[in-house]
Structures are given as structure tokens and as C-alpha cells.
Amino acid sequence: MNWDKAIKNMPELNSDNIQVSASERENERAAGLYNRALEQIADGNSDVAMISLDRLTSEFPLFAEAAHLYGLCLGQQKNFSAAEKMLRQAELSDLSEDDFDAVREAKLAAREGKIRAQEKVKSRKQKEDKLSGVKANLARGGILEKTDHSKRADKMRMATAREREEVMQQIRAQEQDGLPRGIEIDTGNRSNRWLQFISIIVIICSVVFLVFYFFIRPGIIKRQEINRKLSWIEQEMESRAEDDVGIADMLTDYMSKFGTK
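Residue numbers (the working numbering): 2 to 262.
One should not assume that every hint holds.
What the hints assert, rightly or not - Pairs of lysine-lysine, BS3-like flavour, derived with a Cα cap of 27 angstroms:
1. K79 x K126
2. K121 x K6
3. K121 x K131
4. K6 x K128
5. K131 x K86
6. K6 x K115
7. K115 x K131
8. K258 x K223
9. K128 x K115
10. K123 x K79
11. K9 x K115
12. K121 x K86
13. K128 x K86
14. K126 x K86
Unchecked claim - FRET-style restraints, in silico, Cβ to Cβ:
15. F198 x R125: 57 to 67 angstroms
16. R224 x I248: 25 to 35 angstroms
17. F213 x I248: 33 to 43 angstroms
18. D55 x A118: 16 to 26 angstroms
19. I116 x D55: 54 to 64 angstroms
20. E226 x D254: 53 to 63 angstroms
Since the hints were made in silico from the structure, they are not lab data.
Fair warning: this is a prediction, and the values are worked out from it, not measured in the lab.
Glycine included, C-beta positions come from ideal geometry on N, C-alpha and C.
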């Protein structure tokens, strides 16, 4: 159903074309509001037009053309349930044969759209329910498994990153193909030993780095700072020794005792 095209094909009306009230003045007002809604839709103000049509169809429930136009606008917005209801209201009004066929076609399209939307929501909910059960079990267990190669067969361990990735791949596969009977995690002994060895190396490197950074490095920095200060003092004493005998004697004693030069 091409909702845009159907809306563009809706004609303008005058009071002679409709009979929604016993009052001629009310018929003219209804036709004017309807034509104004068509202009607003053409100007890109469909939301404003739909507000006007909602009031118009409530005030004049026998206004078939207004109900037809409002139903098309609702269908264009994919509000298929409301569109079907409004088009059914138009269908029950006094219509020509051609108008009746057009309303019937739009109503059936709205019904099909409503059914498709409901099936889509139902399918997504079923898939989410299945996956939520699996993910909840994995979360409660922390993706835990028993180690067969350990002497303590009842000891539990966390699955490795590779094993967790395999589980997540199975979950993604379930999103397309549905749930299997169970999830099995293949614990390769050789792979586990390698991963344990690499983990130990990483831990040792981390400890060495932390010891160096927090204990050894501050001492090195402090020693460099002291050497910088001593170097500055030596330079100052050397520059002033020529003019001050006391400083010259102090510099001589300093050099003989510490042997910096």
C-alpha cells in the first residue's frame, strides 16, 4: 500500500459534496477544516493536520472523507491499529462504490500491517525470553565449569577468555537459529596450561613493574635531585672562591674529603 500516493489522491471538497450535519453552515465548516488539513499535509505539516482530523472525525463521525484521510495518515505513520479502526468508521458511512473500494483496500492494508507488527513483536519477545534465560544462567554461574584434569575434581574455576568467547558465539548463533539443547565448553588441557603460564608471566611482570615504579624509581629520582643540588653548590663555591678566602678553604677541604674532582 502506497500511503503517500493515496493521500495525494484525496480530493478537495465543498459543502455541496458532503452531508455531515443538518446545518448548511456546519457542512461548510467541516469541508473547510478538511480542505485545510489537505493543505497542511501538502506543506509538510502532517502532525498538525492529524490533530485537526482527529477533532473533525470526533465531531462529525459520519464524515467519511475525513475518516478516510485520517486513516491514511495513521497508516503512513505505521499506526496500523488506529488506521484500521478509522478506516472501518469511514467504511460504515455513505460512500460511492469507488470510494468504498478505496477505503476497503486501505483498511485491509492497515490490517496486514498490524498483523505483521504484532508477529514481529511476538517473535522478538520469544527470542529475548530464550536468550535471557541462557544469559541469566551464565551470569549466575560466572561461566563456571569443573576441571577434569585437576586432582581436586570438585574445584571450580573461571572459564578462560577463549571459552567465554566460544559461549558468546553460541549465544549469537542462538539469536538466529534458536536454542540448542545445551551449552558445552571445551576445556583443552594444553590450551589451559599455556594460558596459565602466560597469566603467571603477566603477573610477575606486573609485580616487578610496580616494585620498580613505587619503590626503586622514587629513590633514583631523589638521588638525581641531590646530585643536581650538590653540583650547583660546587659551581657557586668555585665562582666565589677567588674573592673569598674562607670559601676557597672550604672548597679545598670539600674536594680533599669527597674527591668529586
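Next on the checklist: Let me make sure I understand: some of the numbered hints might not hold for this structure. Which ones are they, in numerical order?
Outcome noted: Result: hints 4, 5, 13, 15, 19, 20 break, sorted rising.
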